[in-house]
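Asker: Residues per chain are reported as follows:
4 protein chains.
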Amino acid sequence: MHHELPEEKVFKDPVHKSIYVKDRIIWNLINTKEFQRLRRIRQLGTSYLTFHGAEHSRFSHSLGVYEITRRIISQFERLGDSDWPKEERLTALCASLLHDVGHGPFSHSIEAVFDTHHEEWTCRLLLEDTELNRVLRGVSDDFPERIVSVIRRTHEKPIVVSLVTSQLDADRMDFLLRDAYYTGTHYGTFDIDRILRVMRPHKGRIVVKESGMHAVEDYLMSRYQMYWQVYFHPVTRSSEIVLRQIFRRAKELYRGGWRFDSLLEPLKRLFDGEMTADDYFRLDEPLVQTQFMMWTDEKDPLLADLCRRFLHRRLYKYTTMDEPDEALLDRARQALLDVGLNPSYHLEIDYPYDLPYHIYRPGGDSGPGAQPILLLGEHDELTDIADRSEIVRSIAGIHRGRHHLYYPEDMLLKHRDRLPSDIRRLIGMA
Amino acid sequence: MHHELPEEKVFKDPVHKSIYVKDRIIWNLINTKEFQRLRRIRQLGTSYLTFHGAEHSRFSHSLGVYEITRRIISQFERLGDSDWPKEERLTALCASLLHDVGHGPFSHSIEAVFDTHHEEWTCRLLLEDTELNRVLRGVSDDFPERIVSVIRRTHEKPIVVSLVTSQLDADRMDFLLRDAYYTGTHYGTFDIDRILRVMRPHKGRIVVKESGMHAVEDYLMSRYQMYWQVYFHPVTRSSEIVLRQIFRRAKELYRGGWRFDSLLEPLKRLFDGEMTADDYFRLDEPLVQTQFMMWTDEKDPLLADLCRRFLHRRLYKYTTMDEPDEALLDRARQALLDVGLNPSYHLEIDYPYDLPYHIYRPGGDSGPGAQPILLLGEHDELTDIADRSEIVRSIAGIHRGRHHLYYPEDMLLKHRDRLPSDIRRLIGMA
Amino acid sequence: MHHELPEEKVFKDPVHKSIYVKDRIIWNLINTKEFQRLRRIRQLGTSYLTFHGAEHSRFSHSLGVYEITRRIISQFERLGDSDWPKEERLTALCASLLHDVGHGPFSHSIEAVFDTHHEEWTCRLLLEDTELNRVLRGVSDDFPERIVSVIRRTHEKPIVVSLVTSQLDADRMDFLLRDAYYTGTHYGTFDIDRILRVMRPHKGRIVVKESGMHAVEDYLMSRYQMYWQVYFHPVTRSSEIVLRQIFRRAKELYRGGWRFDSLLEPLKRLFDGEMTADDYFRLDEPLVQTQFMMWTDEKDPLLADLCRRFLHRRLYKYTTMDEPDEALLDRARQALLDVGLNPSYHLEIDYPYDLPYHIYRPGGDSGPGAQPILLLGEHDELTDIADRSEIVRSIAGIHRGRHHLYYPEDMLLKHRDRLPSDIRRLIGMA
Amino acid sequence: MHHELPEEKVFKDPVHKSIYVKDRIIWNLINTKEFQRLRRIRQLGTSYLTFHGAEHSRFSHSLGVYEITRRIISQFERLGDSDWPKEERLTALCASLLHDVGHGPFSHSIEAVFDTHHEEWTCRLLLEDTELNRVLRGVSDDFPERIVSVIRRTHEKPIVVSLVTSQLDADRMDFLLRDAYYTGTHYGTFDIDRILRVMRPHKGRIVVKESGMHAVEDYLMSRYQMYWQVYFHPVTRSSEIVLRQIFRRAKELYRGGWRFDSLLEPLKRLFDGEMTADDYFRLDEPLVQTQFMMWTDEKDPLLADLCRRFLHRRLYKYTTMDEPDEALLDRARQALLDVGLNPSYHLEIDYPYDLPYHIYRPGGDSGPGAQPILLLGEHDELTDIADRSEIVRSIAGIHRGRHHLYYPEDMLLKHRDRLPSDIRRLIGMA
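Protein chains in written order, with UniProt numbering: chain A, 1 to 430; chain B, 1 to 430; chain C, 1 to 430; chain D, 1 to 430.
Treat the hints as calculated values from the structure; they're not laboratory data.
Hints should not be assumed to be uniformly reliable.
If chains are identical, the list can't say which one is meant, so a pair holds when it fits in one copy or spans any two.
As the list claims (entries may be wrong) - Distance condition first, Cα-Cα at most 27 Å in a straight line; then the derived DSSO-like pairs of lysine-lysine:
#, residue 1, residue 2
1, 299, 268
2, 157, 9
3, 209, 317
4, 22, 86
5, 317, 414
6, 299, 22
7, 33, 299
8, 203, 251
9, 414, 209
Computed from a predicted structure; not experimentally measured.
Build the full structure now, drawing on both the sequences and the hints.
Answerer: Below, the structure written as structure tokens:
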């Protein structure tokens with residue numbers, strides 16, 4: 001088998017115009033059923049309920065990450081820079097293509113309730129008996145493990161990890177551009193051509209030529225805007241809360257021995273904590289949505305109501321608070337109980353910072369993606385961009401999150417007169 | 001209840017930037033569960049298997065058609081033209097928003113196999129006991145029927161019908177722009193602002209100022225390009241063929257009394273030809289995809305294979321023919337039989353013109369959307385654009401469709417040596 | 001001296017985003033005073049008087065043509081196609097950069113009156129004692145002649161000529177995109193990336209892979225639209241007529257021995273027909289405009305009036321005629337004489353087809369740029385695109401030009417009552 | 001005379017797509033020779049020598065400012081907000097159209113050398129005997145003064161002034177978008193539709209709805225990027241320095257009684273400080289460039305050299321310094337003297353902050369355009385955006401300018417061996 005395809009394959013892509021595949025292994029990976037499954041997982045989870053255009057899948061995004069990685073590597077090869085380990089090309093391309101392959105439907109919500117981890121699933125799908133694994137082993141017996149080591153950030157060459165996971169990685173660059181394109185938010189666009197042009201391999205890391213500082217500022221500013229305008233949008237948060245409550249309620253019922261009229265097999269396995277790779281493969285968004293549709297007739301009124309809310313987009317309303325008043329919230333919970341509602345579902349306080357995002361945090365951080373963006377000066381000196389740019393320092397320091405209180409307004413309205421006045425004020429019904 | 005919302009609602013839209021809703025009834029229609037269901041029906045059916053970006057829903061498109069209609073009417077009102085019947089504003093807006101509300105999952109394929117009609121379903125969802133019907137009746141008792149008369153093109157004021165269904169209607173304008181945006185095909189863009197500016201109401205029709213001829217040429221050229229580049233793309237046709245075969249096989253099995261391991265209720269009702277509005281409501285793409293996933297384990301090997309092909313994107317390959325040679329095709333069918341394949345599924349000939357599209361056909365046609373585009377001269381004279389523009393005549397006259405022969409290449413390859421050489425040539429295995 | 005610059009130079013360009021220069025000779029050519037002079041020559045002559053955004057120079061365009069040529073050649077080299085003569089790379093790049101270097105201010109008008117030819121001047125600036133010539137001779141003694149042979153289309157390798165002058169050359173591709181960008185006309189955009197991807201060197205020509213037919217259709221359609229919307233715009237024609245009349249009047253006065261209050265040296269040399277390369281170098285648009293400003297005070301009232309019309313944009317009005325009625329026009333000329341006007345200046349009939357443009361003419365033509373666009377089939381067979389595409393045949397056959405009659409409306413209005421009624425009708429004053 | 005044109009005029013504009021003129025007075029102002037003159041003044045002065053696409057004129061910009069103002073006012077009228085004084089519509093439109101009409105060629109350089117002020121000239125052109133003045137007086141005798149009072153920021157209704165001159169005015173919004181478009185810099189784009197939608201008239205000011213804060217952040221970030229990427233670009237500064245030196249040298253020669261071979265009349269009047277409105281009218285960029293071309297032959301070698309540098313783009317090179325070392329600079333000047341150069345021309349130190357720009361300075365400032373941008377909360381409370389946004393505070397506080405040292409590298413290279421080593425290091429010739 002030749003390593004190269006006889007003719008380059010071209011995918012038309014709205015964000016990058018074209019995505020080019022020349023390596024047979026990449027082509028074969030795309031054609032596995034596990035990769036094709038990503039067409040059935042939306043990139044932005046429930047965001048389409050806020051931005052109707054955001055219906056794009058992780059399939060599109062994964063191709064985009066691959067394409068950006070391919071371009072970066074092409075440039076490194078063209079520059080002939082010895083700091084780029086040429087033999088890692090295929091590893092980097094495969095890892096970038098596959099880094100999200102373990103994402104399930106509405107990952108963040110499911111992970112919060114069932115303690116699963118998409119990164120772990122990515123590794124299982126690469127290592128267990130799957131089509132993906134068979135294709136990868138076609139390269140060499142230890143090739144699946146090599147890809148996994150990049151995903152887990154333990155790969156011996158940190159520069160390969162940087163391509164896929166860092167402050168300026170192919171993943172972030174694609175999702176910002178793609179999410180901006182599909183939501184119709186122009187804040188999220190930045191000049192990727194310019195950024196790619198100033199990236200350099202340098203002693204095991206990817207750094208940015210000093211002359212590209214403004215382009216990076218612009219990229220970080222786009223990121224900042226996308227986070228506040230799109231990712232932390234309170235309506236999206238509301239839909240995630242409803243979704244999480246569905247999973248929470250179903251799990252609660254299941255553990256309590258509830259006899260569901262309908263419980264599709266892959267979800268049962270999820271509840272039992274016994275999913276195989278094949279179960280996980282079948283657990284896609286159509287299945288979850290179909291289950292929810294069936295549950296709109298389930299006899300548990302809470303579960304049925306939550307599913308209707310999610311499918312028919314009757315989300316929780318919200319009010320904003322600077323700092324939550326715990327005593328007041330306790331009284332609010334009691335007031336809900338008093339009128340027959342269920343405060344552990346019908347009142348939820350949310351703070352965007354429990355989300356797995358942060359915009360840019362310079363220096364010292366120890367988490368993944370925590371390496372600072374380094375500028376490469378004319379004399380090869382390196383500087384954290386945050387030491388040079390007040391814009392970046394400013395973005396890095398921002399903690400603008402406010403608390404939101406979510407609740408089913410329609411239900412509370414029915415009992416409006418029985419709610420104490422301070423509780424009414426709290427939920428904007430004064 | 002006030003007719004206007006206290007504050008205008010704005011939807012962010014990638015194609016039109018913003019979509020504005022000021023009328024309470026439009027807002028309420030959008031919030032019905034039947035309209036929200038359109039989020040679960042893709043605008044372009046299986047095209048996402050060819051253009052991975054084309055994952056947008058009929059929900060987005062329907063909002064877009066509404067928005068274009070709103071802009072056209074605003075302009076007619078601003079011009080103060082007496083040829084526009086002002087009292088029809090709300091009828092036109094609702095009809096444009098709802099014209100596709102009866103579309104089911106992968107409509108064209110289902111309609112071909114089960115003889116349903118999405119337009120008929122649109123009317124049923126408007127007239128039967130649905131949330132949509134309740135909202136519409138809030139305007140007046142006969143308002144649902146008024147909307148239906150626009151959908152059925154029997155409304156007393158043809159100009160209202162023209163807005164939603166004609167050669168230059170809000171529907172076509174939105175889908176061309178939207179499908180171009182989401183596929184990433186730039187051929188499909190045209191200057192909608194310019195076209196809207198030259199549209200005029202004129203004696204019961206919508207016509208175009210003569211000075212806008214080039215803009216209309218450009219629009220028709222975009223349409224021509226989108227048809228040949230996107231809508232008739234042979235890979236998309238392949239996925240539609242596989243999809244239709246799934247439905248055909250399942251129906252065949254059902255009629256033959258097959259005991260399915262899994263048969264979800266709404267599909268059973270479809271097979272029985274006894275769908276209620278509520279059944280139809282539940283028949284969405286997630287359900288169809290979930291059913292297909294279950295059927296990948298179905299004991300009928302043909303059905304299981306077809307479902308795997310569709311879900312894992314292992315489509316039929318194709319070869320192109322100028323004119324089908326019936327005798328040769330008969331021999332090909334026999335050859336497939338001889339090697340144990342099923343020619344009624346494993347060999348399908350396709351010609352794009354059995355699709356419900358045509359690009360532009362001037363004058364004389366009697367079908368829906370068949371009215372010519374008329375140019376309005378300085379002295380109010382009207383001319384069919386095809387009489388003025390050679391470009392348009394040329395586009396109108398084009399019959400470039402070629403026949404394609406579809407087949408599962410992998411299956412035939414296994415029997416390659418047993419196929420006669422002319423059959424091998426026919427399917428590109430010479 | 002190294003052939004390559006130590007660091008690639010990048011020009012930011014609104015149309016191509018970036019223009020890359022790696023060859024020292026290209027860099028040196030750009031920095032000659034003759035090439036820098038192109039900054040002082042507008043690409044679209046007087047079109048800025050119709051489309052105020054169209055203020056871009058031939059400098060920008062020339063860089064763009066170079067960049068497209070560079071990309072085409074890079075692709076040919078990457079494909080490793082033996083039909084591309086690698087040794088011609090530098091010749092092709094230089095010729096594409098310099099093909100317009102002999103353009104003077106408002107070339108078409110000056111050439112019409114003074115019988116000069118910009119192509120001839122391009123060759124003189126390359127061959128005579130100029131900075132350009134010195135840079136070119138740095139490559140080899142006969143290098144200037146090689147570039148000239150491309151410009152004159154006598155170069156031994158026709159494929160090199162094709163890059164710069166053919167139906168699908170870098171020149172046309174850049175000017176269509178650039179003029180569309182700067183006028184704000186979106187009709188003129190087409191997918192250049194797609195076209196570049198399907199171009200192939202083939203037996204001494206550049207051809208297009210069959211699969212790119214629609215992309216070429218779209219390009220030709222853009223061209224058609226740009227010609228009718230922009231290049232033949234009647235207001236632009238009006239400004240060209242006024243401009244040509246200025247030159248005609250000044251020449252007439254000069255030949256008649258008129259003593260100009262002001263006559264700048266390079267123009268005097270133009271009138272004398274004795275321009276050196278240095279005179280030509282100095283004859284730029286600022287000089288012409290400055291001269292016109294001075295002539296607004298010239299004692300000849302006709303010349304002064306024309307200059308004011310041009311500078312203050314008081315252009316001739318026009319009416320449209322299908323076919324000119326010569327007898328009526330003669331009577332109109334007499335009527336102008338009768339009221340004291342000058343019909344050889346104050347009445348001009350114009351037909352767009354005397355312009356040096358044509359959109360696409362398939363086969364048989366013998367003029368420059370007349371080679372058809374050939375499609376390359378799967379089996380290397382070549383077909384004229386006009387034999388395959390009805391769109392292209394239609395565009396090629398269009399002769400939609402109408403005659404326009406231009407005149408100074410304000411002057412005629414003063415004598416309105418003394419004009420016969422049919423003459424009044426002719427000029428829209430009925 | 002009707003106030004409205006019988007048919008709305010539409011200018012095609014690349015930035016705003018269309019510019020609409022319905023008022024006859026606006027149309028007449030555009031057609032004055034003084035306004036048409038703006039076609040001969042580039043919007044960005046010498047920036048086209050850095051960004052070749054930036055060849056757009058103040059004519060285009062002025063139309064754009066008018067259009068944005070028109071849209072803002074239309075929205076205020078549509079909202080029916082009583083805080084907008086409807087009777088000021090025409091004043092605001094005219095002022096926005098004409099606010100730059102007094103700009104001369106390369107204004108900043110000429111103003112620096114000759115102590116003229118374009119704002120003063122705007123007022124003179126409106127008040128003296130000009131076509132502009134005649135058109136304005138057609139509205140009322142005091143109308144020219146009303147427009148002048150807006151230009152001078154003394155108009156009784158500060159909200160009218162705000163439209164044209166404030167931190168978020170039509171002027172800034174147009175030039176940022178336009179300069180970004182023509183330079184090809186995508187940093188400068190922001191969502192103007194969104195900003196226009198959140199602007200509100202409020203107690204004599206224009207404020208922004210709180211929900212628009214992120215849009216304003218994005219706008220200010222664009223501004224910050226454009227300043228550092230485009231307006232303060234060191235190559236542009238170099239061309240401005242050469243230009244200013246030409247004027248300085250010519251003035252010096254003129255004051256010293258030098259007999260110029262050529263000195264065009266309007267420049268002579270400028271040197272004498274005795275310009276009339278008509279002289280000023282004639283002083284456009286073509287005249288300045290033509291004069292420079294003539295001066296390339298002037299006998300003063302310094303003036304001739306500077307003119308050649310400017311026209312043939314042989315600009316001064318530069319090095320960057322954090323803090324200038326005055327003693328070292330003194331020694332550098334002496335070193336230049338020693339080798340026969342002229343340090344008052346051949347060595348210039350530049351700091352971008354002597355430019356008439358600042359990005360955003362919250363509160364307390366007293367200069368023009370110094371009012372803060374105020375956010376309007378739900379309860380009508382006003383907050384300086386800098387109190388809410390760390391991004392804005394960060395941008396406002398940035399003083400990132402570095403000093404640059406400019407010099408003619410070619411001249412110094414000739415004497416390289418005679419320069420002390422620290423001077424060589426200073427100018428990068430170590």
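Asker: At most 27 Å between C-alpha atoms: does residue 209 with residue 317 qualify within a copy, between copies, both, or neither?
Answerer: between (47 Å within a copy, 21 Å between copies)
Asker: Tell me, please, which holds for residue 22 and residue 86 at an alpha-carbon limit of 27 Å: within, between, both or neither?
Answerer: both (17 Å within a copy, 24 Å between copies)
Asker: Is it within a copy, between copies, both, or neither that the alpha carbon of residue 414 lies no farther than 27 Å from that of residue 209?
Answerer: neither (61 Å within a copy, 32 Å between copies)
Asker: Up to 27 Å between alpha-carbons, please classify residue 299 paired with residue 268: within, between, both or neither.
Answerer: Both: 18 Å inside a chain and 23 Å across chains, each within 27 Å.
Asker: Tell me, please, which holds for residue 157 and residue 9 at an alpha-carbon limit of 27 Å: within, between, both or neither?
Answerer: neither (29 Å within a copy, 32 Å between copies)
Asker: Check residue 317 against residue 414 for me: Cα-Cα at most 27 Å, and say if that holds within a copy, between copies, both or neither.
Answerer: Result: close within a single copy only, 15 Å intra versus 59 Å inter.
Asker: Is it within, between, both, or neither for residue 203 and residue 251, if the alpha carbons may be no more than 27 Å apart?
Answerer: neither (49 Å within a copy, 56 Å between copies)
Asker: Can you tell me if residue 299 and residue 22 fall within 27 Å by alpha carbon in one copy, between copies, both or neither?
Answerer: neither (54 Å within a copy, 38 Å between copies)
Asker: Tell me, please, which holds for residue 33 and residue 299 at an alpha-carbon limit of 27 Å: within, between, both or neither?
Answerer: Classified as between; 20 Å across copies, 36 Å inside a copy.
Hint check: violations occur at hints 2, 6, 8 and 9; the rest are consistent with the structure.
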